[in-house]
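Colleague: Protein chains in written order, with the numbering used here: chain A, 42 to 227; chain B, 270 to 386; chain C, -4 to 336.
None of these hints come from the bench; they were simulated from the model.
What you were told as hints is all true, and nothing was included just to trick you.
Not close to chain B: a few residues of chain A, all C-beta gaps over 12 angstroms, as computed:
id: 1; residue: Val135
id: 2; residue: Asp191
id: 3; residue: Phe218
Taking beta-carbon pairs under 8 angstroms as the criterion, some of the chain A residues facing chain C (in silico):
id: 4; residue: Lys88
id: 5; residue: Asn123
id: 6; residue: Gln202
id: 7; residue: Ser205
Simulated pairs of lysine-lysine, BS3-like, Cα-Cα distance not exceeding 27 angstroms:
id: 8; chain 1: C; residue 1: Lys127; chain 2: C; residue 2: Lys143
id: 9; chain 1: A; residue 1: Lys88; chain 2: A; residue 2: Lys223
id: 10; chain 1: C; residue 1: Lys137; chain 2: C; residue 2: Lys98
id: 11; chain 1: C; residue 1: Lys187; chain 2: A; residue 2: Lys223
id: 12; chain 1: C; residue 1: Lys271; chain 2: B; residue 2: Lys275
id: 13; chain 1: B; residue 1: Lys380; chain 2: C; residue 2: Lys137
id: 14; chain 1: B; residue 1: Lys373; chain 2: C; residue 2: Lys137
id: 15; chain 1: C; residue 1: Lys239; chain 2: B; residue 2: Lys275
id: 16; chain 1: C; residue 1: Lys43; chain 2: B; residue 2: Lys289
id: 17; chain 1: B; residue 1: Lys288; chain 2: C; residue 2: Lys265
id: 18; chain 1: C; residue 1: Lys315; chain 2: C; residue 2: Lys56
id: 19; chain 1: C; residue 1: Lys236; chain 2: A; residue 2: Lys122
id: 20; chain 1: A; residue 1: Lys122; chain 2: C; residue 2: Lys239
id: 21; chain 1: A; residue 1: Lys210; chain 2: C; residue 2: Lys119
id: 22; chain 1: B; residue 1: Lys294; chain 2: B; residue 2: Lys379
id: 23; chain 1: C; residue 1: Lys129; chain 2: C; residue 2: Lys149
id: 24; chain 1: C; residue 1: Lys31; chain 2: C; residue 2: Lys143
id: 25; chain 1: B; residue 1: Lys294; chain 2: A; residue 2: Lys185
id: 26; chain 1: C; residue 1: Lys129; chain 2: B; residue 2: Lys374
id: 27; chain 1: B; residue 1: Lys294; chain 2: B; residue 2: Lys381
id: 28; chain 1: B; residue 1: Lys275; chain 2: B; residue 2: Lys294
id: 29; chain 1: A; residue 1: Lys210; chain 2: C; residue 2: Lys187
id: 30; chain 1: A; residue 1: Lys88; chain 2: A; residue 2: Lys222
id: 31; chain 1: A; residue 1: Lys88; chain 2: C; residue 2: Lys149
Every residue, glycine too, gets a C-beta built ideally from N, C-alpha and C.
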Amino acid sequence: MVTAHKYSPPAFHVLAPRIQKRLGEPITVPGTDEKVTDLVVVHDPNKCTGCNQCMIGCAYKHYRTFDRSFALLYVNESPDKNGFYVNANCQHCVFPMCLASCPKEAIYKDEKGIVRISPLLCVGCGTCNQACPIGIPRLDDERKIFVKCDFCDGDYPMCYQMCSTGALKLLPRKEAFELVKKLRSV
Amino acid sequence: MSSEPKPLKSWIRLLEAGKKMTSHKQDEESILYPLRRTFRPVAPDITKGSLKRDFEQGLVYYVGDEIEDDRAACGLDRLPPTGRIYPDAVVKKRVILEEAGVFKKTAYNKKKGTFDY
Amino acid sequence: MSVAKPNLNSKVESNNASNGASESLNLSSNNVKPTKYGYFLGCVMPAKMPWAEKATMIISKHLGLDFGYMKEALCCARPGVWKAISPDWWLSLTAQNLANAEKQGITIVDTCNGCWISHYEAIKELTEEPEKMKMVNDQLAKVDLHLKGDVKVKHYLELLHDDVGMEKIVSRVVRPLTGIRVMRHIGCHARKHDETLPNDFDEILRATGVEIIDTPYDKTCCGLLLYFADPNQAILERIGKKMKTAQALDVDAYVIICSGCYDQFERGVKIYRDEKGISFETPIIHFSELLALAFGYEPEDFGMTRCRPIAVDRFIEKVKAITAENAKKAAGAKEKGDGLP
Ligand code: SF4
Ligand code: SF4
Ligand code: SF4
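Excised from the complex, chain A in its bound form (with noise of 0.2 angstroms):
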């Protein structure tokens, strides 16, 4: 028998916030004193041309570049529908799968309730990648760490801004889930 290693549950200190720099005021719901937390962006693929300015605004304001491959969302044409575009955004869940799967405890949410991943603790295994339900964290190939989507450290988010056709909402998580639940059934 092993018994050499004895495992102790993670200490809950990853919901501390580790990395505290540059956080500008959370935005608001409008009418309401709820958090940026309670917003998400949701994507209605009826809208969505595949112009993909959005993944160019994203990977602009990341990593000053306007190359698509940089960006921390995806937008791609359905492999079974022609010309109809399916996105992978976000969802800063409230029960983040990559932050539960990570084995340096190198995800955490912080206040704001954005799930960030804390670049001087990841090693890049890529386990967030697979946990997560929609593959978000990817790699980053000069750092070799994996990023995933910050929320745009709670300002407008760029991808909702740049979005051209109003493809992406952003939308209290509510809303949110009763029109993802109405897009689904139609």
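Once you have looked at the hints, place chains B and C with the ligands on chain A.
Modeller: What follows is chains B and C with the ligands alone, placed relative to chain A:
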């Protein structure tokens, strides 16, 4: 997916043109310092061509002689009433660009018409 | 101040005809009172599609609109590029055009979706956020301009559909283009708010009598901004798929409205022709040309055959054939009508 499609020549030309109007040579630097993280200027190389035309003429496309003839044949004035015949508007635009800090941040060299970075 | 400025001046001076044009324009701006609607040309329209510009002017006059050019128009500040680089810069650059329009006392009319969204959103953002308005006005003060924020912006489709009205448009159609099959592409930004503009577009197209063919790639973007990011995807997956569908369905024309889209279509077609050896034959037609034809104008009236990457001769022939057929039918109907009572 079969093989990767070949890069388009016209796109490469656009990129090369952008690189040409940049004084700082990123390619040479990455040979000298292969481990250094790529430096990315505010204006990406690929956009430099259109940005330069925008800065100098106020518009992305220039109405040259050939198209002037075509315009006349279509029954229009030879030159459009855009910044093309109102150089004042372009001068004003440059003042605004200067004021907003665009020239400085994009490292645009007004005298030479090139980008420092 | 710059290398470009003397260059610009010398160009204007060296060209007598252009001098004449600019003088006459200046004169008209002094004497004639400004029109209600100012047509904002933007970058692509005057440089690549003079036929569309002329056709737009023709049909606006024909419909009795108080329609002229907006003067001193500069780049709308292309939202795709400038907004990504910095939303504030985008606002400053757009504000100059808006302030100019305000000074000229016109309603801006755009046929390009990019210009339209730029103006529409900038004026919305500026009126909603006084801080941004102050920032912009500080910069504009340096060039003796001021933006109050009450300038109106209209898409040309909006203008035709709402201000002119469908009844009037339908009543002016004297040459119904029945039998012409078209695919249409309205472009991304026109879909931003709701489905009004796409529906208006379809309605106006149907009024000319053409048959619209629906395909899965109707919605797909032309890939204008994507060309900067991923040229292969932009050309092969966007333009290529659209044009191949058009080719396969053997439609008579691909109807567009946005000049930005036209720029990308033209680029795509040229790249396919020069680098892949595939030439597409479906002509790309601006919707104002279709309207002008339906209103009874001839292709020569707006120089339809000039400066086209894809020849439109076949399309014109078909239109002429349809006209002849219609005339024959009308004559026949008249005879019958005369014989009946
Ligand atoms: S990366 Fe995936 S699991 Fe993690 S918060 Fe975003 S959507 Fe949720
Ligand atoms: S919210 Fe910001 S970081 Fe996240 S995908 Fe959108 S642009 Fe990128
Ligand atoms: S910007 Fe909007 S329309 Fe364009 S690809 Fe992204 S989600 Fe789709």
